[in-house]
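There are 2 protein chains.
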Amino acid sequence: MILDKNFNMFLEELASSAPVPGGGGASAACGSLAAALASMVANLTTGKKKYAQYEEDIQRILREAEEKRNALVALADADAEAFAPLAKAYSLPKNTEEEIAYREEVMKKVLYDASIAPLRIMETVSEVILLIEEVAEKGSVMALSDAGVAAVFAEAALKGASLNVFINTKSMKDRDTADELNAKAHALIADGSARTEAVFSKVMKRLDN
Amino acid sequence: MILDKNFNMFLEELASSAPVPGGGGASAACGSLAAALASMVANLTTGKKKYAQYEEDIQRILREAEEKRNALVALADADAEAFAPLAKAYSLPKNTEEEIAYREEVMKKVLYDASIAPLRIMETVSEVILLIEEVAEKGSVMALSDAGVAAVFAEAALKGASLNVFINTKSMKDRDTADELNAKAHALIADGSARTEAVFSKVMKRLDN
Chain A
1 MILDKNFNMF
11 LEELASSAPV
21 PGGGGASAAC
31 GSLAAALASM
41 VANLTTGKKK
51 YAQYEEDIQR
61 ILREAEEKRN
71 ALVALADADA
81 EAFAPLAKAY
91 SLPKNTEEEI
101 AYREEVMKKV
111 LYDASIAPLR
121 IMETVSEVIL
131 LIEEVAEKGS
141 VMALSDAGVA
151 AVFAEAALKG
161 ASLNVFINTK
171 SMKDRDTADE
181 LNAKAHALIA
191 DGSARTEAVF
201 SKVMKRLDN
Chain B
1001 MILDKNFNMF
1011 LEELASSAPV
1021 PGGGGASAAC
1031 GSLAAALASM
1041 VANLTTGKKK
1051 YAQYEEDIQR
1061 ILREAEEKRN
1071 ALVALADADA
1081 EAFAPLAKAY
1091 SLPKNTEEEI
1101 AYREEVMKKV
1111 LYDASIAPLR
1121 IMETVSEVIL
1131 LIEEVAEKGS
1141 VMALSDAGVA
1151 AVFAEAALKG
1161 ASLNVFINTK
1171 SMKDRDTADE
1181 LNAKAHALIA
1191 DGSARTEAVF
1201 SKVMKRLDN
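Sequences listed follow chains A and B, in order. Mapping to my numbering: the first sequence position 52 is 52, numbers consecutive. When you read off a place in the second sequence, starting at 1, and then add 1000, the result is the number in my numbering.
Mixed in with the good hints there might be a few duds.
Under the rule of at most 20 Å between Cα atoms (straight-line distance), these lysine to any residue pairs were calculated in the SDA-like manner [what the hints assert, rightly or not]:
hint, chain 1, residue 1, chain 2, residue 2
1, B, Lys1205, A, Glu180
2, A, Lys173, B, Asp1208
3, A, Lys205, B, Lys1109
4, B, Lys1109, B, Pro1093
5, A, Lys5, B, Asn1070
6, B, Lys1108, B, Arg1120
These aren't lab readings, by the way, just hints derived from the structure by calculation.
Work out the full structure: start from the sequences and follow the hints.
Below, the structure written as structure tokens:
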């Protein structure tokens, strides 16, 4: 697994010219940091008398944030697996009509897979954002800055993954599919950015001094 | 070292209620992802005929991005070391005048240290941002999306670390010092956000489809 290794080693692989891990895997990593920070806020809240009214919600947030975090770690692999065949497909010959037709057919499939993988990362990060929003509301005020950090990381993960959607849809000949995937990505950014920026602003207002 | 371990284990520690690693260490991690992505773009550019005119700059970017990445990994530890004494200081007794005076003296030092550590992360991320800006300009267009991801991650690292500055300066009695540190953090965000958002916009315009 791409992220189930020493972090320094992951950074080394990311920094290299190898096609994966790249921006997609890094976005999954950034999203998993956001999910872990949401868990941290919940863990600093659970059992506290002051927040007893939210205990059930906090327990649910703990379960779901861990689930999403693990999903993002797994999605880093899915992204790498979807992206790897793309480089190969680009180097397929295109001399004869048959070769061109075959290449186009292969490209269609691999471009779709390579666009869907970062879109899945975006969808999962969007779910993490709902948890961050909730834990910033119901979680301990002592951990408010961590909720704010989670929010900015989640937005970055969302935007980062979106670039990996757009770079692949741009090469698609099937413009209907490209438009559909682009629309989904744009909608997730619009919704997610609004939510994360609201959390960040709220936190900044509380920490302003 | 906080980041010199399995990434999943780091996430686990981050998610826990332990005071460190927290938002500061996570911001250092996010900044190191940005630095690694800047390296990736440079590594996909070096040696290419099309970018031969920039080869010297690319080589310098490779050296500096790795240096900054390692610095950020080390700053995650420095942040943890500065933050750990804070929890202890908060629990010092404050019954007698002597105790109160001693506690204030200790608080002054630990709050300063705990504010400076994330400020150092911000300064290093700001240096990474200059490299991202340059590599987005001179690097291979094939890796443009990775430069865009680096930009959004760097901005997130900057904002994330800033919250850890503000949460500590807020508790400072010495308002001159607090104002000075806050002004530095705000200036780094203003400059860094403008630069990273310009890179992201440029990349989005190129990938728009």
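These are the hints, each one checked on the structure:
1. B:Lys1205 <-> A:Glu180: Judged against 20 Å, a Cα distance of about 19 Å means the pair holds.
2. A:Lys173 <-> B:Asp1208: holds, 15 Å
3. A:Lys205 <-> B:Lys1109: violated, 25 Å
4. B:Lys1109 <-> B:Pro1093: holds, 17 Å
5. A:Lys5 <-> B:Asn1070: holds, 17 Å
6. B:Lys1108 <-> B:Arg1120: Holds, at about 18 Å.
Consistency with the previously given hints fails for number 3 only.
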